[in-house]
Amino acid sequence: MKIEEFDAVVIGGGLSGLRAALELSKKWNTSILSKVHPVRSHSGAAQGGMNAALGNTEAGKDDTPERHAFDTVKGSDYLADQDAVMFMCEEAPKLAIELESMGAPFSRLESGLIAQRPFGGAGLPRTCYAGDRTGHTLLHTVYEQCVREGVTFYDEFFLIDLVTVGDQIVGLVVMDIRSGELIFFHSEVVILATGGFGRVYRRSTNALINTGDGVGAASRAGVPMQDMEFVQFHPTTLFGTNILITEGARGEGGYLFNNKGERFMKTIAPQAMELAPRDIVARAIETEVREGRGFEDQYVDLDLTHLGAEKIKERLPGIREISIDFAGIDPIESPIPVQPGQHYSMGGIGTKYGGEFGETSLKGLWTIGETSCISVHGANRLGGNSLLETPVFGRHVGRILLKNDSAKYISNNDARKAGELAIDSIEALLKKWGNNKGKNPVDIRNKMKETMDRYVGVFRVEDELHKGLTQIQQLQRDFVDIYIPTENRKFNFSLLRTLELRNMLDIAEVTAFTALNRKESRGAHARVDFPKRNDREFLHHSMVYRRNGELNLEKKPVKLGIFEVKERKY
Amino acid sequence: MSDEQTFLVYRNDGNGSPSYERYTVSVKSGMTILDALFYIQDHFDPSLAFRYACRGAICGSDALTINKWPRLACKTQIAFLKENEREKKKKIPELYFGEVPNWNEETEILIEPLPHMNVVKDLVVDMEPFWKFYREIMPYFDANWVDQAPEKKQTPKDAKSIEHLIYCVLCGACWACPVSAKNKNYLGPAQLAKAERFISDTRLSPEHREKVNSRVMKEDGVPACEKIYTCSRVCPKGVRPGTAIKKLRETT
Numbered sequence: 000m001k002i003e004e005f006d007a008v009v010i011g012g013g014l015s016g017l018r019a020a021l022e023l024s025k026k027w028n029t030s031i032l033s034k035v036h037p038v039r040s041h042s043g044a045a046q047g048g049m050n051a052a053l054g055n056t057e058a059g060k061d062d063t064p065e066r067h068a069f070d071t072v073k074g075s076d077y078l079a080d081q082d083a084v085m086f087m088c089e090e091a092p093k094l095a096i097e098l099e100s101m102g103a104p105f106s107r108l109e110s111g112l113i114a115q116r117p118f119g120g121a122g123l124p125r126t127c128y129a130g131d132r133t134g135h136t137l138l139h140t141v142y143e144q145c146v147r148e149g150v151t152f153y154d155e156f157f158l159i160d161l162v163t164v165g166d167q168i169v170g171l172v173v174m175d176i177r178s179g180e181l182i183f184f185h186s187e188v189v190i191l192a193t194g195g196f197g198r199v200y201r202r203s204t205n206a207l208i209n210t211g212d213g214v215g216a217a218s219r220a221g222v223p224m225q226d227m228e229f230v231q232f233h234p235t236t237l238f239g240t241n242i243l244i245t246e247g248a249r250g251e252g253g254y255l256f257n258n259k260g261e262r263f264m265k266t267i268a269p270q271a272m273e274l275a276p277r278d279i280v281a282r283a284i285e286t287e288v289r290e291g292r293g294f295e296d297q298y299v300d301l302d303l304t305h306l307g308a309e310k311i312k313e314r315l316p317g318i319r320e321i322s323i324d325f326a327g328i329d330p331i332e333s334p335i336p337v338q339p340g341q342h343y344s345m346g347g348i349g350t351k352y353g354g355e356f357g358e359t360s361l362k363g364l365w366t367i368g369e370t371s372c373i374s375v376h377g378a379n380r381l382g383g384n385s386l387l388e389t390p391v392f393g394r395h396v397g398r399i400l401l402k403n404d405s406a407k408y409i410s411n412n413d414a415r416k417a418g419e420l421a422i423d424s425i426e427a428l429l430k431k432w433g434n435n436k437g438k439n440p441v442d443i444r445n446k447m448k449e450t451m452d453r454y455v456g457v458f459r460v461e462d463e464l465h466k467g468l469t470q471i472q473q474l475q476r477d478f479v480d481i482y483i484p485t486e487n488r489k490f491n492f493s494l495l496r497t498l499e500l501r502n503m504l505d506i507a508e509v510t511a512f513t514a515l516n517r518k519e520s521r522g523a524h525a526r527v528d529f530p531k532r533n534d535r536e537f538l539h540h541s542m543v544y545r546r547n548g549e550l551n552l553e554k555k556p557v558k559l560g561i562f563e564v565k566e567r568k569y
Numbered sequence: 000m001s002d003e004q005t006f007l008v009y010r011n012d013g014n015g016s017p018s019y020e021r022y023t024v025s026v027k028s029g030m031t032i033l034d035a036l037f038y039i040q041d042h043f044d045p046s047l048a049f050r051y052a053c054r055g056a057i058c059g060s061d062a063l064t065i066n067k068w069p070r071l072a073c074k075t076q077i078a079f080l081k082e083n084e085r086e087k088k089k090k091i092p093e094l095y096f097g098e099v100p101n102w103n104e105e106t107e108i109l110i111e112p113l114p115h116m117n118v119v120k121d122l123v124v125d126m127e128p129f130w131k132f133y134r135e136i137m138p139y140f141d142a143n144w145v146d147q148a149p150e151k152k153q154t155p156k157d158a159k160s161i162e163h164l165i166y167c168v169l170c171g172a173c174w175a176c177p178v179s180a181k182n183k184n185y186l187g188p189a190q191l192a193k194a195e196r197f198i199s200d201t202r203l204s205p206e207h208r209e210k211v212n213s214r215v216m217k218e219d220g221v222p223a224c225e226k227i228y229t230c231s232r233v234c235p236k237g238v239r240p241g242t243a244i245k246k247l248r249e250t251t
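Which chain is which? The protein sequence lines are C and Y, in order.
One point on numbering: in numbering that gives the first Met the number 0, the residue at position 339 of the first sequence is 338, and numbering is uninterrupted.
One point on numbering: in numbering that gives the first Met the number 0, the residue at position 180 of the second sequence is 179, and numbering is uninterrupted.
It is possible that part of the hints are untrue.
PhoX-like cross-link-like pairs, simulated, lysine-lysine; straight-line CA separation at most 25 Å [what the hints assert, rightly or not]: (1) Lys131/Y / Lys25/C; (2) Lys27/Y / Lys448/C; (3) Lys152/Y / Lys60/C; (4) Lys183/Y / Lys131/Y; (5) Lys25/C / Lys210/Y; (6) Lys151/Y / Lys60/C; (7) Lys245/Y / Lys210/Y; (8) Lys159/Y / Lys93/C; (9) Lys310/C / Lys183/Y; (10) Lys60/C / Lys210/Y.
Derived coverage of chain C by chain Y (criterion: at least 3 residues anywhere in the stretch with Cβ under 8 Å from a Cβ of chain Y; other residues may be distant) [as the list claims (entries may be wrong)]: (11) 22–33; (12) 101–108; (13) 199–211; (14) 364–375; (15) 486–495; (16) 548–561.
It is worth saying that the hints were derived from the structure and are not from the lab.
Just so it is clear, CB atoms sit at the ideal spot from N, CA and C, and this is done for glycine as well.
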């Protein structure tokens with residue numbers, strides 16, 4: 000058995016993982032594993048920006064972290080943990096400035112300060128940006144600092160499972176994608192930063208690699224999935240490929256029109272109009288289309304033409320490029336066809352009540368970024384808060400861990416034995432997949448995505464959710480008998496995609512299960528049969544454990560006490 | 000539109016000599032080369048290897064040589080290739096991967112790996128030399144991090160001046176450069192463009208600017224460029240590395 004030893008291992012080379020590794024590498028022998036080269040990570044696709052109450056603009060000069068926190072909590076439909084939100088919003092200006100000092104090429108105001116634009120769910124310009132490629136520039140900036148600091152990278156290494164002894168994590172089973180070899184990474188501190196998992200849906204803005212590998216692995220190790228029913232559907236994804244059209248396009252003044260030429264947001268959010276929070280705009284568009292006021296019964300128009308060529312070229316060049324390359328439309332001349340699509344996973348790996356931010360119930364296991372549920376987004380995330388969360392909690396978890404010296408609680412012998420067992424069981428699984436005469440995982444994957452789009456989408460209702468859950472559970476049974484060639488493991492992408500599917504099926508099942516059980520509407524979770532929020536019964540986090548193949552739903556209290564729980568109106 | 004399209008795909012298990020295989024895929028409206036590759040992997044040959052991540056032309060994973068021209072597979076519409084066959088007649092030096100058996104240029108789409116890099120498997124190349132040269136130009140700020148307001152200022156004009164260089168996704172398409180083909184020590188167009196991104200950033204410390212500058216002005220850097228501008232022609236993100244190299248040459 001090949002073994003690698005570290006004080007800490009970070010899984011995921013996106014912004015969260017890079018920032019955590021950067022911190023930990025100061026003192027500890029740390030490595031960062033990523034299934035793609037880090038600059039390929041999905042953080043790079045974030046367009047619009049990163050929220051921070053810097054107050055750099057005239058319109059935003061009275062902004063404060065408290066106002067930011069209030070907007071975030073309100074946006075979350077009061078499901079976010081308020082202590083975590085407050086912490087994030089207080090850290091926000093520091094992290095924006097830190098990123099600038101690392102070289103991030105933010106757009107600038109005439110004053111020379113970092114430029115800020117308005118985003119949905121906030122009444123003023125709070126979102127720092129670099130054109131409409133903010134994520135790309137931040138990802139490169141933090142990666143550059145990792146290069147500078149000599150952080151240890153394992154690029155193109157795939158996380159398969161966690162290895163535990165008792166209630167302590169001792170490492171990971173990992174596949175070196177290039178050779179196909181299974182390796183035991185021995186470490187008693189593991190940080191999962193494996194990103195979102197939108198690829199359980201077909202209509203998704205997510206990168207193809209966003210398959211929830213960390214969520215699946217943690218769940219198999221007994222760590223619950225938290226708030227999985229809360230799936231953000233971005234209102235404006237490009238019809239066809241569902242590539243994201245940033246909220247910044249509306250922030251810069253874009254209008255939404257139905258096929259009658261009406262700005263339909265005026266009846267739904269007369270004040271905020273197109274800049275109402277994402278869940279509200281997504282449902283408004285879905286309603287227009289369902290009631291026959293869309294185009295081709297599929298989409299509405301996002302019109303930027305009145306902004307003029309100059310503003311579009313300067314502020315939204317990436318959007319223009321995407322529209323031309325993927326839809327053959329120049330937004331200077333014609334409106335962009337948009338429809339809602341899965342965009343962000345508010346839920347994720349469950350965190351421990353009363354623990355540090357990002358700490359899980361499994362000793363030594365931490366989680367940050369989209370894959371975690373810390374929970375700063377509650378039932379609905381505000382635009383500009385996801386880029387923000389990544390460096391905030393990456394740095395924070397790094398700092399918390401470095402307060403103590405690195406230590407090992409389990410003997411090398413016991414850890415290695417556990418590693419060997421885990422590798423043997425994966426070998427057995429791969430061998431079985433290679434010898435079966437069973438179903439094709441491609442069909443199972445396609446059916447899973449269709450089921451999720453159809454039954455666990457923007458609007459939800461009891462019988463559809465039930466149907467969705469039953470179908471996913473059938474797919475789980477089909478998956479046991481799949482056949483996939485596993486002999487030649489070198490860059491065997493079909494095998495990797497099957498290992499990803501193993502995680503996604505678990506995620507899809509829990510998403511449908513929790514959506515069925517939450518009989519209320521809150522944030523992104525819109526139940527047609529229970530249209531009202533019900534704080535009396537449901538103001539709590541959903542924690543799902545998988546025990547002996549059965550799903551068990553438990554509750555975790557929401558951290559309240561800073562902002563009063565109110566009705567959410569815009 | 001529903002049409003049959005034949006793809007001629009470079010295959011190489013890394014052990015023997017390369018081969019080309021034909022696959023015929025039924026094409027839907029809006030289908031890209033990346034979609035076609037997934038279709039082939041899902042339906043014809045699960046062993047076909049190619050890299051991918053975002054499918055939205057921002058991550059830089061899937062640069063391939065398509066009809067003898069380096070492009071991002073996700074950004075290349077099949078219909079576009081068919082309608083713009085003439086485009087490939089534009090001049091870049093020929094990219095050769097092996098004898099292509101009876102390629103019908105009018106009807107078949109040829110898919111090969113990135114040029115001038117070693118093939119690991121099928122369309123997957125070894126990018127390590129690319130990253131090694133990237134690290135060599137010291138592509139980072141060297142200042143201590145600070146996190147207290149106010150941030151360092153920069154004028155909008157100065158910020159704007161490096162914007163096109165920041166769009167680089169490090170995909171490797173520009174390594175189609177004929178100098179990269181013959182000189183394994185050449186830092187490469189993307190790497191030199193990255194150096195220019197740092198050198199022309201007004202916020203960079205003079206000491207670090209000097210370090211980057213002296214590295215890229217060595218023999219295997221800027222002086223090795225032969226001003227062929229293949230890099231600028233093929234760049235899928237409009238970075239124009241050739242122009243960046245020209246600027247490096249002129250300002251130092």
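Consistency of the hints with the structure:
1. Between Lys131/Y and Lys25/C the CA atoms are separated by roughly 23 Å; this keeps the pair inside 25 Å, and the hint holds.
2. A distance of roughly 19 Å separates the Cα atoms of Lys27/Y and Lys448/C; the hinted pair therefore holds under the 25 Å criterion.
3. For the hint linking Lys152/Y to Lys60/C, the alpha-carbon distance of about 17 Å falls within 25 Å, and the restraint holds.
4. For the given pair, Lys183/Y sits about 12 Å from Lys131/Y by alpha-carbon distance, which is consistent with the 25 Å threshold.
5. Restraint check: the Cα-Cα separation between Lys25/C and Lys210/Y comes to about 24 Å, which is no more than 25 Å; the hinted pair holds.
6. Under the criterion of a C-alpha separation no larger than 25 Å, the hint pairing Lys151/Y with Lys60/C is consistent with the structure, at around 18 Å.
7. Proximity of Lys245/Y to Lys210/Y is assessed by CA-CA distance (about 19 Å); at most 25 Å being required, the pair is judged to hold.
8. Using a Cα cut-off of 25 Å, the hinted pair Lys159/Y and Lys93/C holds, with the two alpha carbons roughly 24 Å apart.
9. Between Lys310/C and Lys183/Y the alpha-carbon distance is near 43 Å, which puts this suggested pair outside the 25 Å criterion.
10. At most 25 Å may separate the alpha-carbon atoms for a hinted pair to count; Lys60/C and Lys210/Y exceed this at roughly 39 Å.
11. Three residues within the 8 Å Cβ limit are the bar, and the stretch 22–33 of chain C against chain Y gives 0, so the coverage statement is violated.
12. Only when three residues or more bring their CB closer than 8 Å to a CB of chain Y does the claim for the stretch 101–108 of chain C stand; here the count is 7, and the claim holds.
13. Against chain Y, the stretch 199–211 of chain C contributes 3 residues with a C-beta closer than 8 Å to a partner C-beta. That satisfies the three-residue criterion, and the hint holds.
14. As drawn, the stretch 364–375 of chain C meets chain Y at 0 residues by the rule of a beta-carbon pair under 8 Å; below three, the given contact is violated.
15. Look at the stretch 486–495 of chain C against chain Y: 6 of its residues bring a Cβ nearer than 8 Å to a Cβ of that chain, three or more, so the hint holds.
16. Counting residues of the stretch 548–561 of chain C whose C-beta lies closer than 8 Å to any C-beta of chain Y gives 0; at least three are required, and the coverage claim is violated.
In this structure, the hints that do not hold are numbers 9, 10, 11, 14, 16, in rising order.
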